[in-house]
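Whenever a hint applies, use it, and build me the whole structure from the sequences.
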Amino acid sequence: MTTRTVRFRIYRYDPDKDERPYMQDISAEVDEHDRKLLDALTKLKAKDETLAYRRSCREGVCGSDAININGKNGLACLTELDSLKQPIVLRPLPGLPVIRDLIVDMTQFFKQYHSIKPYLINNDPPPERERLQSQEEREELNGLYECILCACCSTSCPSFWWNPDKFVGPAGLLSAYRFLADTRDQATEERLDNLEDPYRLFRCHTIMNCVDVCPKGLNPTAAIGKIKDMMVRRFV
Amino acid sequence: MNIPVFKFDAVIVGAGGSGLRSAIQLSEAGLKTAVLSKVFPTRSHTVAAQGGVAASLGNSDADHWHWHMYDTVKGSDWLGDQDAIEYMCRKAVEAVVDLEHYGMPFDRTENGKIYQRPFGGHMSNFGEKPVRRSCAAADRTGHAMLHAMYQRNVKANTQFFVEWMALDLIRDSEGVVVGVTALEMETGQVVIFHSRAVIFATGGSGRIFASSTNAFINTGDGLGMAARAGIPLEDMEFWQFHPTGVAGAGVLITEGVRGEGGVLRNSDHERFMERYAPNAKDLASRDVVSRAMTTEIKEGRGCGPNKDYVLLDITHLEPATIMKRLPGIREISMQFAGVDPIKEPIPVVPTCHYQMGGIPTNYAGHVVAPDASGRQAIIPGFYAAGECACASVHGANRLGTNSLLDLLVFGKSAGDSAVADVKAEAAHRDLPANAADYSLARLNAINTQKDGVSVFEARQAIARTMQDHAGVFRFADLLKKGVTQILEVEKQVRRLEIKDKSQIWNTARVEALETENLIEVAKASMISAEARKESRGAHVRDDAPDTPEFPNGRNDKEWLKHTLWYREGNRIAYKPVQMTPLTVDTIALKTRSY
Numbered sequence: 000m001t002t003r004t005v006r007f008r009i010y011r012y013d014p015d016k017d018e019r020p021y022m023q024d025i026s027a028e029v030d031e032h033d034r035k036l037l038d039a040l041t042k043l044k045a046k047d048e049t050l051a052y053r054r055s056c057r058e059g060v061c062g063s064d065a066i067n068i069n070g071k072n073g074l075a076c077l078t079e080l081d082s083l084k085q086p087i088v089l090r091p092l093p094g095l096p097v098i099r100d101l102i103v104d105m106t107q108f109f110k111q112y113h114s115i116k117p118y119l120i121n122n123d124p125p126p127e128r129e130r131l132q133s134q135e136e137r138e139e140l141n142g143l144y145e146c147i148l149c150a151c152c153s154t155s156c157p158s159f160w161w162n163p164d165k166f167v168g169p170a171g172l173l174s175a176y177r178f179l180a181d182t183r184d185q186a187t188e189e190r191l192d193n194l195e196d197p198y199r200l201f202r203c204h205t206i207m208n209c210v211d212v213c214p215k216g217l218n219p220t221a222a223i224g225k226i227k228d229m230m231v232r233r234f235v
Numbered sequence: 000m001n002i003p004v005f006k007f008d009a010v011i012v013g014a015g016g017s018g019l020r021s022a023i024q025l026s027e028a029g030l031k032t033a034v035l036s037k038v039f040p041t042r043s044h045t046v047a048a049q050g051g052v053a054a055s056l057g058n059s060d061a062d063h064w065h066w067h068m069y070d071t072v073k074g075s076d077w078l079g080d081q082d083a084i085e086y087m088c089r090k091a092v093e094a095v096v097d098l099e100h101y102g103m104p105f106d107r108t109e110n111g112k113i114y115q116r117p118f119g120g121h122m123s124n125f126g127e128k129p130v131r132r133s134c135a136a137a138d139r140t141g142h143a144m145l146h147a148m149y150q151r152n153v154k155a156n157t158q159f160f161v162e163w164m165a166l167d168l169i170r171d172s173e174g175v176v177v178g179v180t181a182l183e184m185e186t187g188q189v190v191i192f193h194s195r196a197v198i199f200a201t202g203g204s205g206r207i208f209a210s211s212t213n214a215f216i217n218t219g220d221g222l223g224m225a226a227r228a229g230i231p232l233e234d235m236e237f238w239q240f241h242p243t244g245v246a247g248a249g250v251l252i253t254e255g256v257r258g259e260g261g262v263l264r265n266s267d268h269e270r271f272m273e274r275y276a277p278n279a280k281d282l283a284s285r286d287v288v289s290r291a292m293t294t295e296i297k298e299g300r301g302c303g304p305n306k307d308y309v310l311l312d313i314t315h316l317e318p319a320t321i322m323k324r325l326p327g328i329r330e331i332s333m334q335f336a337g338v339d340p341i342k343e344p345i346p347v348v349p350t351c352h353y354q355m356g357g358i359p360t361n362y363a364g365h366v367v368a369p370d371a372s373g374r375q376a377i378i379p380g381f382y383a384a385g386e387c388a389c390a391s392v393h394g395a396n397r398l399g400t401n402s403l404l405d406l407l408v409f410g411k412s413a414g415d416s417a418v419a420d421v422k423a424e425a426a427h428r429d430l431p432a433n434a435a436d437y438s439l440a441r442l443n444a445i446n447t448q449k450d451g452v453s454v455f456e457a458r459q460a461i462a463r464t465m466q467d468h469a470g471v472f473r474f475a476d477l478l479k480k481g482v483t484q485i486l487e488v489e490k491q492v493r494r495l496e497i498k499d500k501s502q503i504w505n506t507a508r509v510e511a512l513e514t515e516n517l518i519e520v521a522k523a524s525m526i527s528a529e530a531r532k533e534s535r536g537a538h539v540r541d542d543a544p545d546t547p548e549f550p551n552g553r554n555d556k557e558w559l560k561h562t563l564w565y566r567e568g569n570r571i572a573y574k575p576v577q578m579t580p581l582t583v584d585t586i587a588l589k590t591r592s593y
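Protein chains in written order, with numbering that gives the first Met the number 0: chain A, 0 to 235; chain B, 0 to 593.
Please note: incorrect hints may appear among the correct ones.
In silico DSS-like cross-links for lysine-lysine, where the CA-CA straight-line distance does not exceed 27 angstroms [said to hold, decoys possible]: (1) K16/A - K44/A; (2) K225/A - K154/B; (3) K31/B - K110/A; (4) K323/B - K215/A; (5) K589/B - K46/A; (6) K449/B - K16/A; (7) K342/B - K215/A; (8) K490/B - K44/A; (9) K532/B - K589/B; (10) K44/A - K449/B; (11) K42/A - K490/B; (12) K112/B - K116/A; (13) K165/A - K154/B; (14) K498/B - K44/A; (15) K116/A - K31/B; (16) K560/B - K532/B; (17) K116/A - K84/A; (18) K16/A - K498/B; (19) K154/B - K227/A; (20) K280/B - K297/B; (21) K110/A - K498/B; (22) K154/B - K215/A; (23) K46/A - K498/B; (24) K116/A - K154/B; (25) K42/A - K154/B; (26) K479/B - K574/B; (27) K500/B - K46/A.
Label-pair restraints from in silico Cβ distances [to be verified]: (28) E138/A - P369/B: 51 to 57 angstroms; (29) N141/A - E27/B: 26 to 32 angstroms; (30) N446/B - H113/A: 34 to 40 angstroms; (31) W160/A - T447/B: 39 to 45 angstroms.
Simulated from the structure, these hints should not be mistaken for lab results.
This structure is a prediction, so every number in the text was calculated from the model and none was measured.
Glycine included, C-beta positions come from ideal geometry on N, C-alpha and C.
Written as structure tokens, this is what we have:
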């Protein structure tokens, strides 16, 4: 087995012992099975177990291992090691408080997600069997329901950086549109009212960082545009 | 030491499919409920399920729960309990319809109903021909399901303790379960959750194997906690090797690929499953397909430079079908195998995937274990559901799509049982004195160990031992060696040392605690496997070959029984298989073929 060295520069901060954060230069020996950044991090952690980061599914569906990689947000488990310039600079997702090393406090992110009432609202008594939905109606949800809540998008959005408490952010708005677009949902007016505010929706200035970083290839900006259209349409 | 006590009506450990399904029942019944999870709920491993959830909706083909029940009993190689299997298959339609009402974005048929696809081992009319029974949201069914259930819990105001790891079960002097200890990962704080019901929904522990489709978090925490609390683990010798893990990476490729028309090929480009399962072919049961693949590779018909994988071929399917029905698979193939399956077949190998055994329960979700007189008795206050539990509906081999069904049906029944029991009981029972001492001692031992073994080394030792001694095919001498070796590895695990002493988000500590759970699962699995001297379902050994007297090596006279492994003394006991269903006739023993 041939091994090679990968060089890293990693943001480190353990509030239990460090007075302030610092950048650590460290390297890992990887072999040909280590194709993804997460594989290299696993090797690194075997060498220095104090390095803290989140990870779980290692296949891009759980959304745990979002970090800032050479300046761009992404999932460590989907990022090809060979695509990265060395030293690989790893930082926690920007714009959220750091708890330790690469682990951020995601409270604000989830608060915004929860604020859009991310659940189906249908007050009719449920039928005995499934509610019907045509294939075309169901297609409307494609590109919306696949979000994994990794926060790559919202934490790359300058509008979210400035107003994380007021602007819902791309992830939350993508979910908002996921329910607006669902023919089974009855709360369209309530959902639009909830977003009718100078900040919650309208702080999106179509910078499109969200689209650029989404590891699932989703397009929050387009969804936000559709919500804005719905807002306009209900007044004409 | 002063340990805070949080008081709840019910505590659910785990926020994957079964935990979230239970939580809906408890929250909507108005119980004060805490859900503990090592990860944010939508990061639980249910999220990775792909192909679908079984229910005899009959939306595309005629179907009936009784046929589903037959397939499940046959799939289990008759080790499944027929009362629990009838219960699950009868409840399947309701379970799936509930999800649709929660907003789950199922794919649709032309008339707007839930889309269904064929899956391995699911047949119509008592084993006649494949039936479309797997209800799917593209190839992201688990993701769509987990998010829909999390969303329903947001609506129901369920209280989550995110990034908390449960440490140990608390039982009082009468053995009643009265709570759990748990560690808040962000602060390192240990807390007692005092409750009237504890539901374990902690998922699987596939990380005991070196090559696994499982997430890093699947470390059998519930099984470890149950075993340490004196509760036996059932049928732990039965591990499912999924036929199609991406070679090298281990990432899952759904059986739905074969459901949509994909076929397996060897180095001669032969569709070899036709030889092993003339009727169901590539849609035979998973244990059958995994063994066929392993045989092909062993006999030199593997592909690639080392001839160590076979190919999953969908290049004959319409690209539009692939894009619509299997978009996630295309993504995974390109990401982890470096091939676009529209143009090239995917290299695959059998990969550890699912634990059929677990904490013994009845179909109402109560944990049951033999009492002093040997009678199967409910352990008051304790419930389990999903992969961590053994109801037993999967017996010796699980059918694809029955895992998501299991977690829905038994998540709900465990939740309902807990609601009924809590409402019938007036107050919390007292906590035993020093209820957290055991957990604190474990933490302290890890913190203060010197010249010990690193978590990384210990985990590698567990995974290597399991992989080398208890794989797809098992050998009597290797199992014997495996038992000796895993007990040696246990000694290493008793001396885990961590360099990280921080209180804040100490992942080394969490991984050490997980390793203490993994070793319990590994011992249970190896020792139970060594003890079962027959071949059945996923457990196939060289000294129990296919003979006229024992077709497929299965020996119903001696081995039609469930294994129970006890941590204390590594004792093995057995209990009978429940052959009597709830309302229909027993599905009689038969030789299994596809």
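Next on the checklist: Under the constraints set out in the numbered hints, which ones does this structure not fulfil?
Outcome noted: 5, 17, 21 and 25
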